[in-house]
Every structure is written in structure tokens, then in C-alpha cells.
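Participant: Please construct the entire structure, taking both the sequences and the accompanying hints into account.
The primary structure of each chain is shown beneath.
Number of protein chains: 2
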Amino acid sequence: MKPDNTMKNLKYLPLNRLHIDDAFWNRYTALVTGKILPYQYRTLNDLLPDAEPSHSVHNLRVAAGLEEGTFQGYVFQDTDVAKWLEAVAYSLSYEPDPQLEQTADEMIRLIGQAQEENGYLDTYFSILHPGKQFCNLKEGHELYTAGHFIEAAVAYYQVTGKTEFLKIMCACADNICRVFHQPEYQDAVPGHEEIELALCKLADATGNESYRQMALEFINRRGCSDYLSREHTLERYVDVWHDRNPYLPEYGQAHAPVREQSTAEGHAVRALYLYSAMADLALAYGDTSLLDACRRLYDNITQKRMYITGGVGSSGTLERFTTNYDLPNDTNYSESCASIALAMFCLRMARMTGEARYMDTAELALMNTVLSGVAQDGERFFYVNPLEVIPSACMPATDKAHVKPVRQKWFGCACCPPNIARTLASLGTYIFFQGEDSVWVNLYISGRYEAELSGVPVVVQMDSHLPYHGLATVTVTASRPVRGRLLLRVPDYAEHLQVTQGGQPVSLPVEKGYAVLPVEGTQCQVQLRFQMPARLIYADPRVAADAGKCAVKKGPLVYCLEEADNGANLAGLWIDPERPLTERWDDSLPGGGAMAVTGEGWGLCWESDTLYSTQMPRPAPCRLRFVPYFLWGNREEGEMSVWVRYGSGTEFSARGFPAP
Amino acid sequence: MKPDNTMKNLKYLPLNRLHIDDAFWNRYTALVTGKILPYQYRTLNDLLPDAEPSHSVHNLRVAAGLEEGTFQGYVFQDTDVAKWLEAVAYSLSYEPDPQLEQTADEMIRLIGQAQEENGYLDTYFSILHPGKQFCNLKEGHELYTAGHFIEAAVAYYQVTGKTEFLKIMCACADNICRVFHQPEYQDAVPGHEEIELALCKLADATGNESYRQMALEFINRRGCSDYLSREHTLERYVDVWHDRNPYLPEYGQAHAPVREQSTAEGHAVRALYLYSAMADLALAYGDTSLLDACRRLYDNITQKRMYITGGVGSSGTLERFTTNYDLPNDTNYSESCASIALAMFCLRMARMTGEARYMDTAELALMNTVLSGVAQDGERFFYVNPLEVIPSACMPATDKAHVKPVRQKWFGCACCPPNIARTLASLGTYIFFQGEDSVWVNLYISGRYEAELSGVPVVVQMDSHLPYHGLATVTVTASRPVRGRLLLRVPDYAEHLQVTQGGQPVSLPVEKGYAVLPVEGTQCQVQLRFQMPARLIYADPRVAADAGKCAVKKGPLVYCLEEADNGANLAGLWIDPERPLTERWDDSLPGGGAMAVTGEGWGLCWESDTLYSTQMPRPAPCRLRFVPYFLWGNREEGEMSVWVRYGSGTEFSARGFPAP
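Line by line, the protein sequences give chains A and B. For any residue, its number in the numbering used here is found by taking its place in the first sequence, counting from 1, and adding 1. For any residue, its number in the numbering used here is found by taking its place in the second sequence, counting from 1, and adding 1.
No wet-lab data here; the hints were simulated from the structure. Treat the hints with care, since some could be wrong.
The list treats identical chains as interchangeable, and a pair is accepted whether it falls inside one copy or across any two copies.
[As the list claims (entries may be wrong)] Calculated lysine to aspartate or glutamate pairs in the EDC-like style (CA-CA distance at most 20 Å, straight line):
hint: 1; residue 1: LYS133; residue 2: ASP464
hint: 2; residue 1: LYS36; residue 2: GLU140
hint: 3; residue 1: LYS36; residue 2: ASP47
hint: 4; residue 1: LYS133; residue 2: ASP610
hint: 5; residue 1: LYS513; residue 2: ASP610
hint: 6; residue 1: LYS305; residue 2: ASP610
hint: 7; residue 1: LYS36; residue 2: GLU579
hint: 8; residue 1: LYS410; residue 2: GLU637
hint: 9; residue 1: LYS163; residue 2: ASP98
hint: 10; residue 1: LYS305; residue 2: GLU608
hint: 11; residue 1: LYS305; residue 2: ASP98
hint: 12; residue 1: LYS163; residue 2: ASP22
hint: 13; residue 1: LYS168; residue 2: GLU210
hint: 14; residue 1: LYS168; residue 2: GLU118
hint: 15; residue 1: LYS305; residue 2: ASP188
hint: 16; residue 1: LYS513; residue 2: GLU69
hint: 17; residue 1: LYS410; residue 2: ASP288
Facilitator: So this is what it looks like as C-alpha cells:
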């Protein structure tokens, strides 16, 4: 069947019209302003004694000539500041803080001082290779860094109305457009994508379409030349990482023209930032060949290469996608940033197509892998999000060195913590789309939101009991009579959906996963009620790591076993799929409590004194207690596993062999 | 219980008194002489057009001044030649070949020409850093290389009686003894152990005990100083690998004095070459504290860190041991060389203690992981020996890049192929020990062997049906009446052992796993008959990768599933542990046929069109066909798995919960 390639013209709602007030999410928005942003500010300024230093403010000050010293940290260290500023901007939309805004203004001034005359901005090259620019696109990360600064500048402008940062970044973008239209850069592309989606945002914010054209140019060039493979032979090349390996085109999605790509390849964050820009550009230019590629890539990811948690990137080596069904649980990367990028891509796909399934995936990624990335105290972070951990095996200098059994204070390469902060602070973006005569509800998050219906300002009040209960009330109030539509996402996990108005069931057509409710007059209230009991989920057995196992999922939340509840040796547990799962709220769980799920099964008892034996382990009945995956590792260090073996015998009842 | 630390004074039988003529092993001894040695000779001389070049003869010729050019290959490239010469020496003991011997003599002459005046021998340093020696013990591999040359020289002397090579290596060893007794080397130790066991062999061959003293000194120093950690700060240091990581003492077993070590740590080959030398020295000096350490290390390996195949080294990163019960099947290293080293260590332990369990492990390693290392055509090799392979997932530049689904022609770092050759060519060493009044039979391999009983020459004729049938006849014939004992290993897999003489059952005492048969007169014949049906083997469930799974083992042979017999998606198969396993000889299997084993179970059918689903996969009855692990990968490329899920329901019959 040919997909419907009619593109919607849906818009995001501006953040300062969105006022989240939700029992589940308030702790995260408060965590951002109360803990993460102040904590990260101290980190950027190297004020945390027992965490890895960031050096990023130091680098800006050196580049600005305000401090002696040299560049320290990774080549992309500036982006820590950029993402922090972006998160600050979003946070000011829901919690104005003049002092924080002043701090941000000072940081922006510093960035301006660190910028070169021609608009170039990147402290690594300004300090270590003055006068050089864009001499190592493969790993130099200048365009990636510029992209993050642009995203921050656009956010700061949109929330505060201040233009200084935006001007700085327009000058930077203008320089990029100049350089990359020169003949010697005619087939040059960024090694780490990000600039493309940032230039789209900058075009939207400024109305200057040349930025979008540059983004389109980058997208069109990718995979059409061997620039990244031969860059090291150019005279202008500056070595950054001393990587003696030849460039792997798939690593940077440069193995084929983007419109011909059908499988998600290479570095997961790079890939998903690219796909996000492809979606932006498909919509902006009505480019259905780009849309088709985006659909194929989305399908490949979600049907062949994504963890049940919305994690992506199966290989720690090169932080990359590997191949179909290769989803190991204990050595995977599943970087927090990659799930953020997946949510970004899905949001754009939903916006362009009006298909709810993309929001199912965005929600999955956000509520499991992204939330898992930050500790409940807001001061520790996961970079890698495994689905199975035995702490003793996560040894340095082994194949599992990248897997950490506990969240870390900060990282030398700290892309994830500030990325999580900016994502949580801009959560509102995911909740709605604004159509011409319609408001689309993607996520059921309680709060008060200002939108428009057919040009008339409306207030949308949401009262949601997600993620633990399938109950949400949506009230639309208009200042004057309106005519329009409310589109309500029906989550893929919703069972027995009932929509009622004034207590009376109403039957609504469902279009591409959105229930469509006509709105007339000045007020409209609708209630959605659905079941979402904890369910056992199975994986396609071609996923070798999950065959013979199942996972527990309740609504959008994936669950896991932890040693704190189940003792050690989680691998020796079996769940009986015939026994019911029971749910019970537990106030004592981290993060203000959560719904725990209990199943029944067996634990293997080993009665031999050797490592291997002909004697089958004896199963002893036991209860298995599951907690939400996003909360794991918030108690004492211990084992964790999402997937658990299942068995009871009746699954084999159709034996097919004569009895012995 | 305190172990019996009385040391035996058992000896190896000289190879030229051992004449293997065995239905199973003949093809391997013939493979060595007919295929592997000629093939490897061509490789050493870079005569194979489509394999990675070895450069090792080229390097010797450059060092000898016979050829222009520079050093190429790895720093330890010389050892390819050393191990080839060692294998040649052994092969000449069972298949004299004047032309091959002449080629070897020429190679030895070349080695002599490449040797420096002071006895130093290492083409890497002689060519690239002339005048420098022992300036990078951490990774320079000079002592490792010298050790392999010494082993080859001793072998060549023992088999041919020629002394030229031995003299060359005595000069080399004398230089080592000189240097490493200088004050500035007083706490220096080899980075890669090997020289220690080689010096013990050289002492045995020459009667010069100073070599063994040097070996003891190296062992005693290890772990007592930080030489390897601080070596890079010494003025004489020469960088080899540009490794910017700080030295990890465990990597080279330098984290603690060897007598205090209780867990196998670091690089697996380094560790097991060290332990082998520790066993040699424990016996030579009657050092029970070394013996105790060896016992602890053996127990740790075999009870916590060894694969069912006798593979060791769980991490591809650093080719190393990791931690207890960390035995992943699809990312492990289990280097062929490490299992060779394990067999070497176990042989020494058995020789010292007279305990058969050590030979059980040696046999396991030899017959599974070591034999798996070489293709049935003798021209392709495994370096890494996984227990589970999905070819599509073994991608370059990912976490599984080191795992190859098919044997490779040659390797840039080619330690394994010649190591396998020398091991197969010296298989005879493993078959017997010679006691003062006793002959010990370790392995039941058909052939005609010359030994002594109480000083009287005897011929031991063996007629064995292993490894597929538990039946062996041993006949001892003496030239004049003797009184002595024949000790017959009772393998750990032997069930219902029956020993008969002249058709009459005899009851023999079993001491430490050896059945003790008194021998009197000029002839004695005994027959051993035991059952060794294919059995399901389970692992301690603390091995997360194997929990809920079982493996098939028949006698010494571990079995596996291959795609060629079972189709793809082996992970989706379950075996029913209640159904009998059947065995059938299959002539069509590689290597002249083998016993195949068939079980019954189920294959999971996925009836959803999504990656994850609430719908449990439907099990469809099927037969599972297992073939010996050592034969895997000799048919078309495909999946392989040693461990298979089990389930039928009756294992959960003691449910412990009331019915729903």
C-alpha cells in the first residue's frame, strides 16, 4: 500500500503558552530548574570537586582573551554550554528567574566575545588552531557545535525576546553559508549532523530562508561524495583524534544519498539528528522522496533495531546501529542522547504526517530511556542505558567498560546531561500540535495550555492520570464561539478506550491514531478512559538476546527487575506467563513512589558444586517484583534486567511428539 | 581439607618414542605435515596472494643483512617462525622428511645470522632500534619472542639431536640472564610471559640450572614491583604501540605477588603461560606455595571463568579474563592460544600432582576449542572461538568485530595458527607420564608407544575408540619380566566403567582419578569400557548467559547447533529435556564424518508483524540436530550456538502456587 503522502501543516505551540502542572512531570520540570541547571552551571565552571571537569566556560574565556590557558576537554566541549543555555531558555518559559536570566545573558556575552570577527565560533580551533576553520569536518565537530549554539539562540530568543544571542548565531551561520558555498567546499558535509536541523530552526526564527537552503544542501550532498573519506588528504586538514582507521562512511550516514537510505546505520545520534532534519526539510519543501526515506528509516528502526525501551545503538564501539535484530541487552549503548534524538525525529514525523504511531515511539523513548538517564536527585546521569546489568561484570578495560551500573556525576564527554536537561525543559513541545482549525493532543500531561482553534484563542485544560492510569480529561474553553476539531491521540497501549462527554459515551472516528472530536461553541469537555494493565511483552525471536524471555510493560512504561527487590542472579528467574500480574502503588519507591508490578514464577537453585553439571537446576517458586525502568539504579547498586525468562509448560502443550 | 602436596616426579615421554595411529587423530597429525606446515611456510615467506602477509622471514633477512627493507608486521612477528619451527621439529618425530628438515636448518641458519653479537635476537628492535634491547618489556615482546625461539630450539634438539639452534638460543638466554641481573633491571619482568616456561625447558635440555633460576627470579619479581607501570618513565623506554592508557597491572598478572594470586586475571594467554611456568617451578623446586597458588588459579578458572568448551578470556577488549560467572557466548574472546595455554598448564598440574582432573580439563580444551581453531582443510583458522554466532551481527567496527563467523586464511597478528600446529604436532606429550615404576595413561589415543617400567623398556599398544565410543584396550609388552603399575585415567565423563582382563572384570582402586593396575611379567592387557552417552549439561545460573539453557556433551566433545542442520534463528529453539537424545554416525559431516546427536523440542514461530508484541510466540515441534563443536563452521557460513533453551513444563511441576 502506498503511504498517504499528503503533508499536514501542523505547528508547535510556543513554550510560554504551555503551563505543565502534572503529578508525574512536575518533579522533572522542578528538577530542571531546582537541581539540574544549577548543578550543571557549577559543572560548566568546574566548581564540582569530585566530578570530571567540563572546562567549557574556561575554554570560552580563553578564546575571548579573558583568561590565560589553553583548550581543555573534547573538541565539542562548547556544546555543554550551548545545551545548558537552551535548557535555561526553556526553563524561563515556565519558571521566570531574573537572576538565572542575567547569568545566561552574561554567558551569551562571553560567547560573543569568544566569536571571531568573521562569525566563526568554536573555542577548540580558535585556541589551538587560530585562523583555521572547517579543516576537519569528520571529527572536528564545528558544525555540530554551531548547531547547538543556534538551537540555544533560537530558544533564548523565542522565550525572552532578546536578540543578542540570535545575532551572534546569525553571524556564525552566515559564515557557514559563505564557506560551504565556496568551490573547495562544494561537496563538504558535516561529520556529526546537527547543523541541518538547527539551520531549519534559524530560518523559522528569522525568516531567512538561506539557512534552510544551506541545510537542504548539506542533506543533498550527504552520501553523494567521498568528502569525509578523503578529507584527511586535503592540505587544509587538521588532525583531531589521531584515528588511524580509515573513515567508515556508514558511521556518518554518508554511505548512500539520503533519499536512498532504508536502514539506520552508523552513529545513532548522528543518524537521528540527520533524520530529524530530513523530516523538517521534507515538510518545508513538500519533498515526498525525503518523507519516504524518513518513513523507511523509522520503520527499520522501530521494527528491527530499537530496544523495547526506545533505546537505539546496539554497539558500544562507535556508539552505533549494527544490524537487524542485533539487540544485546548487556553490552548495548542506547545513549540517552540517541533516544532524545529519536523522540525529536518522531515528533517531526508526527507533525508532518498526523500519524499517532510516531508519538507512541516518541513517548516510549522519552518516558523510558530519556528519563532513565537522570537520577532522581538530578545530579547523576546515565550515558549508556543497558537493559541488563550485573555490576561486577561492568569492569573497566573490558567489553563492558562503557556500561555503568550506577549513574555518574559528570562525564569527560558530557553530551547527555545537558541534552536531557534541554529535553525535559522543553517537554511542552511534545504535548500539542496546532492545526489551522484543530488542536492535536499528543501527550496527556496535566496543565493549562493556550492554543487556537480556527484563529480563536482557546485554553486547553488537561487533567491526566497517566502514566499509571488510563484516564484524562480535556477541556477546551474559547473566548468566543468556535468551530474546529480536537484530535486526541489514542496510545498504542490503550485497551477498551471509552470516550465520554458529560458522562455519556461518544463514538469518535479515529484517523491515523487520533480520535477526532468536533468542537463547537465556547466550551467542550471530553474524557478518555482506557485500560492499560501491566502486560507481558515478547520480542520477535530473531532477537537472539530476548528469545524465550518476556518483559513487563504498563502503558508507556517498561518495567524491570532489580536486585533490591528480587535478590541477586536475576538471570536465574523465570516468570509464569499464566499467572496474573498484580499492580500496587508503592510510596517507598524513588521519585515519590510508583506503581510496582508483581508476577509469580521460579528461581533456579543450583545444587551442584561445579560450574557445569548434568543436573538440571531446581526451580523454587518465588514472586518477581518489577519497577519502572526509568527508576532503575536509584536505590543501592545491584543487578537489573528488563527481560526475564518465561516458562510453565503449558506453552508447550501442543507437544507434537508421542509421549515417551 | 588440605590438598595433598606430595609432588610426583613424573616425566614426559620423548616424542620420538610415540607413534600415534588413531582413527580420530591421524587426520590431524597428517594435516600438520601435509597441509598446515607447508601452508604456513608459504605464509611466513609471503607467498600466499590472498592472505594477510606475515613478513616474518622478510624481517629475519633484513635483520641478517641479506635483504634491503624495514621491519613489517607486529612487534612479535618473529614468533610465527619460532612456532613453525617448533611444529616442524615435532612433526619430524613422527614423519621424518629430509627436505623439510633441510628447510628448517636453513631457517635456523637465518636466525643465527639475524642474531646480534651479544646473543640478542629480535628483528623488530634490531631493525628499527639497533643497539636497543629490553627497553619496552610492557609491550615489546622480546622475552616472549625469545621464549618461543627457545621452545623451538629445545624441540629441534630433542627430535633431531642437532645443536646449532640450541646454541643460538643458549647465547640468547645467556644475554637475557646477564641483562636481567643488572641493577637497573633488578625488578624487571616480562610484559608477556612465556620466557619463564621456555627457560625451564632450556634448563632441562642443557642441564644449565641458571636458566631455571632466571625463570624463578622472573616469577618471584612479578607483582612485587611497579616496573611495568613506571617503565614508560625510564630514559631507555622506547614506545611501541603508542598506547596512551596507563598500564593495567592485572593485564600482565602484575597486580599481586604470584603466590598470593587466587583469581585468573588479565590477558588470558599471558596468564596461562605464567601459571604453566609456576607449575614447572613448583615441581622443580618443591615449592608448595607455588603449587597452592596454581591450584587456586586452576579452581578459579574451571569453576568460575571457563567456557564449557575449555575456552577462556571473556572479553575481546584486552583478550582477557573478566570476573566470576561473566561468560558471554557471543562477544567472548576464547582465543585458540589461550586454550592451548590452558592445556599446557593442566598437563603440568597433572604431572606434578598425579590428579586426573587436570587432564580432564586439558582434554576438554584440546578437543573443543583448540581443534575448533583449525579448519578441516588445514588452511583456515579461528583466533576467537565464540559459543554463539549470528554471522550478520559479526560486523566490522562494532562490539562483535573480533568474532568471525568463518575461519580466516591468516591474521596480521597470527599467533594462533602456528600455535595450533605445534600443539597438534606434539599431541603425544599429553598421552603419557613416565613414573619410576609406573606408566600413566592420560589420553586414550591409539598407537604404539615406548616407555619404561621400573627401568625395563616396554611397549604400550593402545587401541582406542574414543572420542565417540568409550572403549580402549591397552597392552603392555616388556622385553623381560617387569613389576610395576599402569595408571589409567578414568575420564570425568565415563559412566559405568568396566575394566576387564582377558574378558574378566577386575576391580581396580582409583587414586586421584587414575585406576591403578599392577603389572607383572612380560605382558599385560587391559580393556576399559564405559558409557558416555550424549548428555544435557547445565551451567550454574549465575552464568547469566547460560541460565535457562543447556548444552549437549558426549564424552569429551561439546556439541553445537548449526544453521546448516537446523535453519536460521537458533535462538528461537527450545529442547525438551525429557525427550531422549539419539546418536547417529553421519559420514557426510566434515572431517570424515562424526557422531551427530538429535533431540526434540520446539521452534518459536512469531505471528506478529511488529518487533514487540503481547502475543507469545507459538512453539512448533521440531527436531534439533547437534554436531561436535570442533567441527563448526566447516560447512556454509551460518548461525551456530552451543547453548540452547530448554523447556517442557515438567521442570516446573512443583508449582508451589495454588492453581488460578
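Participant: Within a copy, between copies, both or neither: where do LYS36 and GLU579 come within 20 Å Cα-Cα?
Facilitator: neither (44 Å within a copy, 58 Å between copies)
Participant: As a check of your reading, is LYS133 near ASP610 (CA-CA no more than 20 Å) within one copy, between copies, both or neither?
Facilitator: neither (65 Å within a copy, 52 Å between copies)
Participant: Given identical chains, is LYS305 near ASP188, meaning Cα to Cα at most 20 Å, within a copy, between copies, both, or neither?
Facilitator: Close neither inside one copy (32 Å) nor across copies (55 Å); limit 20 Å.
Participant: At most 20 Å between CA atoms: does that hold for LYS513 and GLU69 within a copy, between copies, both, or neither?
Facilitator: neither (58 Å within a copy, 73 Å between copies)
Participant: Have a look at LYS36 and ASP47 and pick one of within, between, both or neither, based on CA distance no larger than 20 Å.
Facilitator: within (16 Å within a copy, 63 Å between copies)
Participant: State whether the alpha carbon distance between LYS133 and ASP464 is at most 20 Å within one copy, between copies, both, or neither.
Facilitator: Neither. Shortest intra-copy (54 Å) and inter-copy (78 Å) distances fail the 20 Å Cα cut-off.
Participant: Go through the copies and call it for LYS513 and ASP610: within, between, both or neither, with a Cα cutoff of 20 Å.
Facilitator: between (58 Å within a copy, 18 Å between copies)
Participant: Give the relationship of LYS163 and ASP98 under a CA distance limit of 20 Å: within one copy only, between copies only, both, or neither.
Facilitator: within (15 Å within a copy, 89 Å between copies)
Participant: From the Cα coordinates, with 20 Å as the cut-off, is the pair LYS305 and GLU608 best called within, between, both, or neither?
Facilitator: Close across copies (15 Å), not inside one copy (39 Å); limit 20 Å.
Participant: Using 20 Å as the alpha carbon limit, work out where LYS410 and GLU637 are close: within a copy, between copies, both or neither.
Facilitator: Classified as within; 16 Å inside a copy, 49 Å across copies.
Participant: Within a copy, between copies, both or neither: which one fits LYS410 and ASP288 at a CA-CA cutoff of 20 Å?
Facilitator: neither (43 Å within a copy, 48 Å between copies)
Participant: Using 20 Å as the alpha-carbon threshold, which applies to LYS305 and ASP98: within, between, both, or neither?
Facilitator: neither (45 Å within a copy, 57 Å between copies)
Hints 1, 2, 4, 7, 11, 12, 15, 16, 17 from the list above are not met by this structure, while the remaining hints are.
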